[in-house]
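Given chain P's structure and the hints, the job is docking chain X onto it.
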Amino acid sequence: MPKWKDLQEQSFLESDARARAIGLLDEGTFTELAGPFDRFYSPHLEVLGEAVEFDDGLVAGVGKIGKTPVFVVSQEGRFIGGSIGEVGGAKMVNTIRLAIEFHDELVTKYPDLSDEEKPVVVISFETGGVRLHESNAGLLAHAEVMDQLQKARHKVPVIALIGSKVGCFGGMGFVAAATDAIVMSEFGRLGLTGPEVIEQEMGKEEFDSSDRALVFRTTGGRHKYIMGDCNALVANTIAAFREAVAELAALPVAEFEKLRRIGSPEAVERQLRGVALAAEMQPKDARDVWAKAGNPDPVALTDMPLGEFLAGVKRLSV
Amino acid sequence: MALNTLEFHLKIDEVTHSIDTPIHLGVVGSGDMEVLMEPKELEGAVSVRIVTPVAGFDELWKRVVEKFVSETLLGNVHLEINDNNATPAVVLLRLRQGFAEATGK
Numbered sequence: 001m002p003k004w005k006d007l008q009e010q011s012f013l014e015s016d017a018r019a020r021a022i023g024l025l026d027e028g029t030f031t032e033l034a035g036p037f038d039r040f041y042s043p044h045l046e047v048l049g050e051a052v053e054f055d056d057g058l059v060a061g062v063g064k065i066g067k068t069p070v071f072v073v074s075q076e077g078r079f080i081g082g083s084i085g086e087v088g089g090a091k092m093v094n095t096i097r098l099a100i101e102f103h104d105e106l107v108t109k110y111p112d113l114s115d116e117e118k119p120v121v122v123i124s125f126e127t128g129g130v131r132l133h134e135s136n137a138g139l140l141a142h143a144e145v146m147d148q149l150q151k152a153r154h155k156v157p158v159i160a161l162i163g164s165k166v167g168c169f170g171g172m173g174f175v176a177a178a179t180d181a182i183v184m185s186e187f188g189r190l191g192l193t194g195p196e197v198i199e200q201e202m203g204k205e206e207f208d209s210s211d212r213a214l215v216f217r218t219t220g221g222r223h224k225y226i227m228g229d230c231n232a233l234v235a236n237t238i239a240a241f242r243e244a245v246a247e248l249a250a251l252p253v254a255e256f257e258k259l260r261r262i263g264s265p266e267a268v269e270r271q272l273r274g275v276a277l278a279a280e281m282q283p284k285d286a287r288d289v290w291a292k293a294g295n296p297d298p299v300a301l302t303d304m305p306l307g308e309f310l311a312g313v314k315r316l317s318v
Numbered sequence: 319m320a321l322n323t324l325e326f327h328l329k330i331d332e333v334t335h336s337i338d339t340p341i342h343l344g345v346v347g348s349g350d351m352e353v354l355m356e357p358k359e360l361e362g363a364v365s366v367r368i369v370t371p372v373a374g375f376d377e378l379w380k381r382v383v384e385k386f387v388s389e390t391l392l393g394n395v396h397l398e399i400n401d402n403n404a405t406p407a408v409v410l411l412r413l414r415q416g417f418a419e420a421t422g423k
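These protein sequence lines map, in sequence, to chains P and X. Per our numbering, the first sequence starts with residue 1, numbered consecutively. Per our numbering, the second sequence starts with residue 319, numbered consecutively.
Extracted from the complex, chain P is given alone in its bound form:
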């Protein structure tokens, strides 16, 4: 097991799922649920003759950050692109379910707990969505996770962390959008249809997925921050993500309603104003929108240091 102290300054982008799960929590507090020694691997992959993994590419566990009990889910992008199949999906669903049950038990027993002492769920996404080998089971898992997110609402805040290699795409892009708060690094990528799939379906003229700069200014953390698709943009270290979670965990659960992107009439109206703006503007590039948000030199935004970016950037308000 990696040393906790070494993990803190480690690149979040390059950390594997378990390193992220351990490093995000306080030192020595991580307990893995359904870990590799329990050997819950995918029965479907086995039948297809595909390599299996003892944790099915998903690390689930529980621990603490300060006074907050934290239920953590962390996806491993190197195992079949972090895809969600039956086993990994069940682990995700049940971790959130456990957090809700724990919350209910806790507030019944100790009605005057502070916000900081109530549990949160943290999901470190690194995934392209459904594992195609297990299509129906994978889709069902997505639906069940959505169901748990609804049940967790107004009780247990669910915080999405996106800053890993694969990004967060496909069905899991929907799931991330339905969480209460999203924290990204500038190397995180978030979307529904991934860049390669857009190119494959619509052609290279529509979207050139080999153009890294284009991909990042359309799906990357800086763009998502300007658009309001993520709530916070942090440095690319496990410690920076951990700090962001600690700050969010201290908020009253009602405050998370303001951070959400969907799920209220106000949020729907805001989304519709965004659609109307897009129809009016007909932007050809993300930079057009950055300029519209009030950034006079959108080209410079891409390469300036993160601190400078955060200090000066104007975010889109519709």
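It should be emphasised that the hints constitute simulated quantities derived from the structure, not laboratory data. Virtual Cβ for every residue (Gly too), placed ideally from N, Cα, C. Treat the hints with care, since some could be wrong.
[Unchecked claim] Using 20 Å as the maximum straight-line C-alpha spacing, the simulated DMTMM-like pairs for lysine to aspartate or glutamate come out as follows:
no.	chain 1	residue 1	chain 2	residue 2
1	P	LYS64	P	GLU14
2	X	LYS358	P	ASP38
3	X	LYS380	X	GLU332
4	P	LYS3	X	ASP338
[Unchecked claim] Distance ranges between label pairs, derived from CB positions:
no.	chain 1	residue 1	chain 2	residue 2	range
5	X	ARG381	P	LYS204	44 to 54 Å
6	P	LEU214	X	GLU389	48 to 58 Å
7	P	PHE37	X	GLU389	35 to 45 Å
8	X	GLU389	P	LYS165	29 to 39 Å
9	X	GLY422	P	ALA239	38 to 48 Å
10	P	LYS109	X	GLY422	37 to 47 Å
11	X	GLY422	P	GLN271	47 to 57 Å
Just chain X now, kept in the frame of chain P:
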């Protein structure tokens, strides 16, 4: 089409030592593997279970694990490997990493 499972026992004559705590290491990425190492009473032997999509390399697997066991003088350990087309060099590297982690060396 199904996954191949290889199982074998190895025993060396020299004095062997086990590990104190079970460890898990590695990610089953392309060209990589994961290993579980668990202490287990096997009268000084090492038991190995390998699950791999690749067929036809049983002897090579055995030789790589034999090399690992003879250089670490390991005994009373159960190894479980999930492989995804790792080369022998990668296999040996991961096993050595696992051993280093398990023994603190």
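* Enumerate the violated hints, using their earlier numbering and listing them in ascending order. => 1, 7, 9
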